[in-house]
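4 protein chains.
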Amino acid sequence: MTGKVDHAAARAAFERALAEDAREFGNFFLSRFLGLAVTYPDDDTCVVELDVHDYMFNPQGSLHGGVIATVLDISMGHLLNRRVGTGMTLQMETKFLRPARAGRIRAEGRFLKKGRSINYLETRLTDAGGALLAVANSTWQLLGAAGPDGAPRS
Amino acid sequence: MTGKVDHAAARAAFERALAEDAREFGNFFLSRFLGLAVTYPDDDTCVVELDVHDYMFNPQGSLHGGVIATVLDISMGHLLNRRVGTGMTLQMETKFLRPARAGRIRAEGRFLKKGRSINYLETRLTDAGGALLAVANSTWQLLGAAGPDGAPRS
Amino acid sequence: MTGKVDHAAARAAFERALAEDAREFGNFFLSRFLGLAVTYPDDDTCVVELDVHDYMFNPQGSLHGGVIATVLDISMGHLLNRRVGTGMTLQMETKFLRPARAGRIRAEGRFLKKGRSINYLETRLTDAGGALLAVANSTWQLLGAAGPDGAPRS
Amino acid sequence: MTGKVDHAAARAAFERALAEDAREFGNFFLSRFLGLAVTYPDDDTCVVELDVHDYMFNPQGSLHGGVIATVLDISMGHLLNRRVGTGMTLQMETKFLRPARAGRIRAEGRFLKKGRSINYLETRLTDAGGALLAVANSTWQLLGAAGPDGAPRS
Numbered sequence: 598m599t600g601k602v603d604h605a606a607a608r609a610a611f612e613r614a615l616a617e618d619a620r621e622f623g624n625f626f627l628s629r630f631l632g633l634a635v636t637y638p639d640d641d642t643c644v645v646e647l648d649v650h651d652y653m654f655n656p657q658g659s660l661h662g663g664v665i666a667t668v669l670d671i672s673m674g675h676l677l678n679r680r681v682g683t684g685m686t687l688q689m690e691t692k693f694l695r696p697a698r699a700g701r702i703r704a705e706g707r708f709l710k711k712g713r714s715i716n717y718l719e720t721r722l723t724d725a726g727g728a729l730l731a732v733a734n735s736t737w738q739l740l741g742a743a744g745p746d747g748a749p750r751s
Numbered sequence: 598m599t600g601k602v603d604h605a606a607a608r609a610a611f612e613r614a615l616a617e618d619a620r621e622f623g624n625f626f627l628s629r630f631l632g633l634a635v636t637y638p639d640d641d642t643c644v645v646e647l648d649v650h651d652y653m654f655n656p657q658g659s660l661h662g663g664v665i666a667t668v669l670d671i672s673m674g675h676l677l678n679r680r681v682g683t684g685m686t687l688q689m690e691t692k693f694l695r696p697a698r699a700g701r702i703r704a705e706g707r708f709l710k711k712g713r714s715i716n717y718l719e720t721r722l723t724d725a726g727g728a729l730l731a732v733a734n735s736t737w738q739l740l741g742a743a744g745p746d747g748a749p750r751s
Numbered sequence: 598m599t600g601k602v603d604h605a606a607a608r609a610a611f612e613r614a615l616a617e618d619a620r621e622f623g624n625f626f627l628s629r630f631l632g633l634a635v636t637y638p639d640d641d642t643c644v645v646e647l648d649v650h651d652y653m654f655n656p657q658g659s660l661h662g663g664v665i666a667t668v669l670d671i672s673m674g675h676l677l678n679r680r681v682g683t684g685m686t687l688q689m690e691t692k693f694l695r696p697a698r699a700g701r702i703r704a705e706g707r708f709l710k711k712g713r714s715i716n717y718l719e720t721r722l723t724d725a726g727g728a729l730l731a732v733a734n735s736t737w738q739l740l741g742a743a744g745p746d747g748a749p750r751s
Numbered sequence: 598m599t600g601k602v603d604h605a606a607a608r609a610a611f612e613r614a615l616a617e618d619a620r621e622f623g624n625f626f627l628s629r630f631l632g633l634a635v636t637y638p639d640d641d642t643c644v645v646e647l648d649v650h651d652y653m654f655n656p657q658g659s660l661h662g663g664v665i666a667t668v669l670d671i672s673m674g675h676l677l678n679r680r681v682g683t684g685m686t687l688q689m690e691t692k693f694l695r696p697a698r699a700g701r702i703r704a705e706g707r708f709l710k711k712g713r714s715i716n717y718l719e720t721r722l723t724d725a726g727g728a729l730l731a732v733a734n735s736t737w738q739l740l741g742a743a744g745p746d747g748a749p750r751s
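Chains as they are written, first to last, in this note's numbering: chain A, 598 to 751; chain B, 598 to 751; chain C, 598 to 751; chain D, 598 to 751.
No lab work stands behind these hints: they were computed from the structure.
There may be inaccurate statements among the hints.
To be verified - Some but not every residue of chain D turned toward chain C, in silico, with C-beta under 8 Å:
#, residue
1, 601
2, 690
3, 723
4, 725
5, 727
From the three backbone atoms N, C-alpha and C, an ideal C-beta is built for every residue, glycine too.
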């Protein structure tokens, strides 16, 4: 199957990713390589937006499920980090409703339940026309600032 | 946070990905960028192996959950494609048991149930020492014969 | 551990369940035994309500996760049956946010995506005060038109 | 739809459930009502067996998904309680592979990962012929003996 990716777009993404050394929430190699724009429009929401490029495709020529999972994961983990504390994903369930092939897409993460140890979040991915592409929800355990019982972890 | 990635390793991965134009199972841009080796040791198994590099990290400095999801997804979707037919992931659930920071890791996908329409698969990700890093399972609908709405897809 | 259930309540539930022979959506043995009230307030919603009783408890003395799963499943499957057609659950993921020990609880099922073959639904369980107890979402394949292997089911 | 359940079987199950007051692991109202036999053949396994009866059916006349979820949940939660400590289910994902209509079925729960706070378990449900009916896995947080950081919780 021919699947020549847009070399200029892929190279621009790669050089953008390598041009900085930051590894922090909102700005790390993968987030720069995928061209993610991370914003927090209100206290309960994290929005992650990106333009779909063909270097992100699966063999069938649509956005790879793993890239979708990456974007959805970030929309939840970044919200948790911003509002409660850094956590690790215990598990994540993702439903793939429609394929994405082009345009700007947007994930919107929200809390289902905040906690001092266990936190639950959910997120939805939509295309530029508002069609629902994927949903996910996940379970997180807080690290760092406060351990599972409120005691410092590190 | 300092998170300077190994530029040489990242650039080698990127140039390897861009040097070919194939977009097929086992060989597409993302699989080349992640350095995936996909093999089928027997009729019921697909193994995906890769070396962990820091350009795959999350802000905390371990393998990003989205990269893990990508590798796990491929170990199931490639097996389905090889043994039954091309499918689309309806959903996937992933549990993250331990972080991965270095070394060669290995996902092993297997069938839970084959079907002419719906197929169920599972997979496990282990490190070089055999420790279980993540598990996932997923539901797939075959394309080709009949698409998601009963109409032929291809 | 002492866990004497309210005999009168349990017996009333059982006799109510056995007093009728219907096995249909909204009215089958388990729905009568659990005292479920199933309503469809609008085209996109199915509400299932019940009073929590101690014969539904787990060993720790709160509503058993399996009973929660039953109620959540029904709020989605009944909506699908009412608005699209009878389906079988391919999978379901449930998150348990808070235990329930008493009072009237309410599950509200909605569509994530309707389809001629695959349908996605979600649901939320709340207590009388509106606190979120559990969420679930699920993937369904329609029966009737075409079964799981493309052959008519009924 | 006619769906007259076997009154004698249902009544025997109910009276068996009500005849005892125990509410403990392996013996509580729902476990007695469903006729569950819970055993621990080795350190890493919990087996739950039951005979399928029509009082456990969904409107379509097969074992209700909620009853399946109940049995699978118990096969994991009882194992955790026996080997590590009492926990609460944070989430559970269930895949329904084949319907069950009669006979003796068997769920076999196992650990994916033990932990002082978070524990992961999986389970498989098979019929008398060994056919795989359903699989589930789940995430648990320990209560009681040891809190999430090894400190007593209660």
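Consistency of the hints with the structure:
1. 601: holds (4 Å)
2. 690: holds (4 Å)
3. 723: With a minimum Cβ separation of about 18 Å from chain C (threshold 8 Å), the hint on residue 723 of chain D is violated.
4. 725: Result: violated, 21 Å to nearest chain C Cβ.
5. 727: Nearest chain C Cβ about 20 Å off; hint violated.
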